[in-house]
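Protein chains: 4
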Amino acid sequence: MSKTKVLLLGAGFIADIHIESYKRFVPEAVLLGIYSRTEQRAMETARRHGIEKYYSDWKKAILDSDCEVVDICLPNFLHCQAACFAAEHGKHVIIEKPLCLNMDEADLMIETCRKYGRKLMYAEELCFAPKYERVRKTIKEGAVGKIFQLRQCEKHSGPHSAWFYDIEQSGGGALMDMGCHAFGWFRWMLDRAKVTSVYATMRTLYHIGRTKAEDNSVAIAEFEDGTIGIAENSWAKQGGMDDRIEVYGNEGVVYADLFTGNSALTYSQKGYGYAMEKAGSTQGWSFTIFEEAFNQGYPHELAHFIDCVRNDKQPVSTGEDGRAVLEIMLAAYQSAKTGAKVKLPFRPNVKKPIDLWLND
Amino acid sequence: MSKTKVLLLGAGFIADIHIESYKRFVPEAVLLGIYSRTEQRAMETARRHGIEKYYSDWKKAILDSDCEVVDICLPNFLHCQAACFAAEHGKHVIIEKPLCLNMDEADLMIETCRKYGRKLMYAEELCFAPKYERVRKTIKEGAVGKIFQLRQCEKHSGPHSAWFYDIEQSGGGALMDMGCHAFGWFRWMLDRAKVTSVYATMRTLYHIGRTKAEDNSVAIAEFEDGTIGIAENSWAKQGGMDDRIEVYGNEGVVYADLFTGNSALTYSQKGYGYAMEKAGSTQGWSFTIFEEAFNQGYPHELAHFIDCVRNDKQPVSTGEDGRAVLEIMLAAYQSAKTGAKVKLPFRPNVKKPIDLWLND
Amino acid sequence: MSKTKVLLLGAGFIADIHIESYKRFVPEAVLLGIYSRTEQRAMETARRHGIEKYYSDWKKAILDSDCEVVDICLPNFLHCQAACFAAEHGKHVIIEKPLCLNMDEADLMIETCRKYGRKLMYAEELCFAPKYERVRKTIKEGAVGKIFQLRQCEKHSGPHSAWFYDIEQSGGGALMDMGCHAFGWFRWMLDRAKVTSVYATMRTLYHIGRTKAEDNSVAIAEFEDGTIGIAENSWAKQGGMDDRIEVYGNEGVVYADLFTGNSALTYSQKGYGYAMEKAGSTQGWSFTIFEEAFNQGYPHELAHFIDCVRNDKQPVSTGEDGRAVLEIMLAAYQSAKTGAKVKLPFRPNVKKPIDLWLND
Amino acid sequence: MSKTKVLLLGAGFIADIHIESYKRFVPEAVLLGIYSRTEQRAMETARRHGIEKYYSDWKKAILDSDCEVVDICLPNFLHCQAACFAAEHGKHVIIEKPLCLNMDEADLMIETCRKYGRKLMYAEELCFAPKYERVRKTIKEGAVGKIFQLRQCEKHSGPHSAWFYDIEQSGGGALMDMGCHAFGWFRWMLDRAKVTSVYATMRTLYHIGRTKAEDNSVAIAEFEDGTIGIAENSWAKQGGMDDRIEVYGNEGVVYADLFTGNSALTYSQKGYGYAMEKAGSTQGWSFTIFEEAFNQGYPHELAHFIDCVRNDKQPVSTGEDGRAVLEIMLAAYQSAKTGAKVKLPFRPNVKKPIDLWLND
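If you read the protein sequences in the order shown, they are chains A, B, C and D.
Take 1 as the starting number for the first sequence in our numbering and just add one per residue.
Take 1001 as the starting number for the second sequence in our numbering and just add one per residue.
Take 2001 as the starting number for the third sequence in our numbering and just add one per residue.
Take 3001 as the starting number for the fourth sequence in our numbering and just add one per residue.
Bear in mind the hints are in silico, worked out from the structure with no lab data behind them.
For glycine and all other residues, C-beta sits at the position ideal for the given N, C-alpha and C.
Hints may be right or wrong, so weigh each one.
Simulated crosslink set (BS3-like; lysine-lysine; CA at most 30 Å straight-line) [as the list claims (entries may be wrong)]:
| hint | chain 1 | residue 1 | chain 2 | residue 2 |
| --- | --- | --- | --- | --- |
| 1 | C | Lys2060 | C | Lys2351 |
| 2 | A | Lys23 | B | Lys1137 |
| 3 | C | Lys2194 | D | Lys3270 |
| 4 | D | Lys3023 | C | Lys2313 |
| 5 | A | Lys270 | B | Lys1059 |
| 6 | B | Lys1313 | B | Lys1059 |
Coverage of chain B stretches by chain D, computed from C-beta distances (three or more under 8 Å per stretch; other residues unrestricted) [claimed, not checked]:
| hint | region |
| --- | --- |
| 7 | 1019-1028 |
| 8 | 1048-1055 |
| 9 | 1215-1224 |
Chain A with its partners taken away, still in its complex shape:
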């Protein structure tokens, strides 16, 4: 079989990670083209990575590129449009988290892909991060007995791209950006158990003036059998990137983290090039990270998606999973408004999740 042709929409931070992942780890795929809103950026990224074509019009890119798969790394508000357009034109879709901005969009994306017989592959890389998958395997082997509590935290001091801070483009702040991982991973660990309620509290404290969105949030999801998942997501915490999990069962516990837990420890008087994503100085002590894309699971995830396309398999992370996660997040924003837990199912009539928290 010839290589699967992929068109990448987006040339920001996540797109770079996808590119590295394809190039180094997914030989069955070839990146045909890349889109960026700015032609200059599209061209430079294409040249830097040896991608043949570049575009500054994503519809044209989909129509012209002869790709089989469209990998969408665009701002959230474009997810629905781009996914539907791709499916309507015969392309399978890889869609970065969060799925989209509201449940109507989610339904439309799922239905459009179904109607056109195209796969809608939801890119939640924590379902693939090798260290977390290893943890999941030990739990399947009985390491902790029955899980009763999970915790997932992610932090850094704010994303790179400006669109994250514009709620019209992002739909929300730290919870919208990172909560996906927490809720997606909880469902993954609990075999897609149903969330019955969500409580959340959030605040804008560090990026005041730059955004209306929350930059620090804590949410507690409760599952049918009483299991709880605690999600702590922040764009306000200092000290660099951090992603960690805790699993509690009646017969054991597991702790793991993807950054400091995979690092070398360096003390440098003068500092050096780069320690980790969004870290501060490299003077004094620092946690030196390696193979960041691999350790976060992006290569494993994209390899899986391409394999599903090539062999017509069902991906382990689909649009339905993305929609379930979106529903949990909508309930979280509502809870942060009311101060009470919000029960699921929950289908509010809003354009984007953060409206529930901000509006009266």
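We have chain A; now place chains B, C and D onto it with these hints.
Chains B, C and D in isolation, oriented as in the chain A frame:
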């Protein structure tokens, strides 16, 4: 270019790691065939991994298999024979550490490969382990100023295969098996600086009765400019596999380890399948390792070697490097005998390194 | 000045810690006597520790012992009676957490001690634990800027004494037992900032059948300026005792823990005597703790209280602090019932906190 | 019994640690007086710590102070004089490591104290550091089976006081200063097993120009039964104070460290007051240490010595232990000169250990 055809000699522990590395991470190569001393084992390994051909006669395997590269994972005493035979028959050679048993063999392997225009690629994976390479990069960026001391330790409680314990096949014990990594990595970190002397002390204490070889050793290599490298290698230490480094410079330090430093932490009342290479029980606390082959650098190493073959490049780790490491180890065994540091160059007239320690 | 005479009420787990603390670290105090409900136990404890007198009637002990200070390590339901009786008879009071079972009791204890001019010293040792105090000092020095989030977790798999499981004696489960530390420490770190609301979720999952009380809880306290404190308290988590904190500010973070963070790391095939409080097996890997009483701050706390008595100073942790913590816990139990955050002030009319969660 | 009266000779870094230890943890002792070479310093130290008398003449201090114990924290070259003078005048002696400069001095100190019936208590605090003592206890309980290898490392980037750098006052550099701890601790762990040989390598690399002494050293001591102890001592390593041990037995391993292993982890943009002894900046990440004197064992050690004086007991660390350690260190300096291991017993005719390394 079509895939590079590789024949694997050996079906033991290291061979499994090579197979996983090729299959998952080196798409430019194809494993044509596998040799094992026992036909049964060769057949099962071939079937398990989808390798087309299997052999129980390694010369026949080299002659018949139509391979371009022979990857030698055989007992040490066969390294020289197999490498020379392969080169004489037009094959490039990947040779697992240690290079061979003595300097005459080393010279012969290097000369034979040179004469037949074949590459002799010495498989020291610590030059490729992603975490250690990240450390090397930070040091190149000036993180610690000038290095003055290195330390590399590896431990487990004894290898799997019986041949390690037979000094006629192995040539030595823990130092022969693991010291390669230490000395190879010291040279790699110090840009192949010359070792001027070696001091070592060794002992058989845990596997007494099973082997005449040393199962615990400590060696100190001194370099031209006074830098020292401390190598601690053991088949006698408990608690599972461990591989760690320390780098000291006049402006900083770096600590890194490949096992506990890359693990999840699990507490399990009942235990679970597998924590790490040669670990004990998984009851109670354990360090749960993931992606072991990747984290030790085998895929990066083999991808590099295949790239060198495909594009006719010079590998970063060659037979000359293997010979330099062998010389250091010979000096170490001699030092362990005399109780004094041994100066290099050192070219004793022995069949295998451990003879220097054991014999009068 | 002669030594301050102390009478200890209680001979359980915490009492042992108090005894060790006085004997090793508070030379200005002398333990005159000890009370236990069972005469046998009182006698043995007294003999083991060289305490002169023992009693099985606590009122008699207070009347007879000629003590200056009564140190109350009794089941929660006795706290109010014993403290008031002690103060009425001219004794200063050290009262272990939680202060008592309800706000009426709290007011009575505070008022009684005030009326009789006796100190009511609330024993929240996390305000004294040397590692956590060191953290507080770095924060006072500006290490993290302005705090916006705190987290405190404590876990083990269930207390020793039977009374904890009897809600008539304890008043509640894991939150009542451990939440004191979290909320006491949050107030201590935030200079007694006011809690404006509390959300909590709790469950009985591990000790079902043994208790009606919750054995796993998560609570979020919100403060006036938006700072939040996350408290995770559990009698259901495995792997031994754990007590850890996280401090997040707009300019930094601090992580610390009192157990694994102060331990040696041991791998033992056969196991050994004792690793830590409520740990499982010492076979395989274990975290070996030392100086547990010292590291948790009990000696520092008791030395402070005795100093306050000797020099008529105001203790840094008083009955008013204990009452404030009790109010937060009452709100937490209420929140766990309603599923909504509960605003403070909160003064329910219940006999004990857990009634809010259990009763309709 | 009234308090034991102690006279402290010295007002440098170690003297401050001794003072804090007595004041906080050894109530049976009272510091009557303090000596410093500079009267100003003696006066300020005395005032700061509430010590009644101060002296700038140590003989006068011993004669006048009416002390029972002289605690000697003076430069090494004064140890013998001061100890003998103290004993001759009826005082017990606490002597900081190293015991003295040569074996003749050692014999004289031991003999003088014996003759005058005074205790000679050798202050090796690693025999008392609570974490290390906890480790020793687990090993006595069988945790690791039979020990075959030990490692002790200490590092910082150079002592405070100028006398350390003057070999006439110190007698040697990093090995003389820190090697005491390693060798003293090895003997303590192995029940005073006999050292049969020592190999060492050393270098002056960081403090060149400031001292003739070695500032980085590695030594390997071998014991009668083949057990080895690796000592790494450095005044050249960056990153702050570090003291760690590794214990290897045929049935287990133990790792422990006194600094990073007992710290909080802080990330601070701006930095804060003090992280640890001889640490660099507190900007970025740092390891925040607490209760340093306690965790290194000084209070436990001094409490033991005072108890021995009060109750006429034999101290667990005596002048004989100090002499045995000195002999090992002398052999180490000799080995560093010759490049061969040096057998014990070893009694060179030198004034100070470093003469063996420096002189022809």
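Status of each hint after checking the structure:
1. C:Lys2060 x C:Lys2351: Holds, because 27 Å separates the two Cα atoms, which is no more than 30 Å.
2. A:Lys23 x B:Lys1137: Distance of about 22 Å is within 30 Å: holds.
3. C:Lys2194 x D:Lys3270: holds, 28 Å
4. D:Lys3023 x C:Lys2313: holds, 21 Å
5. A:Lys270 x B:Lys1059: Violated. Lys270 of chain A to Lys1059 of chain B sits at ~55 Å, over the 30 Å cutoff.
6. B:Lys1313 x B:Lys1059: Given pair Lys1313 of chain B, Lys1059 of chain B holds - Cα atoms ~27 Å apart, limit 30 Å.
7. 1019-1028: Since 0 is below three, the answer is violated.
8. 1048-1055: violated (count 0)
9. 1215-1224: Since three or more residues must qualify, the claim that chain D covers the region 1215-1224 of chain B holds, with 4 doing so at under 8 Å.
Comparing the model with each earlier hint shows violations of hints 5, 7 and 8; every other hint is respected.
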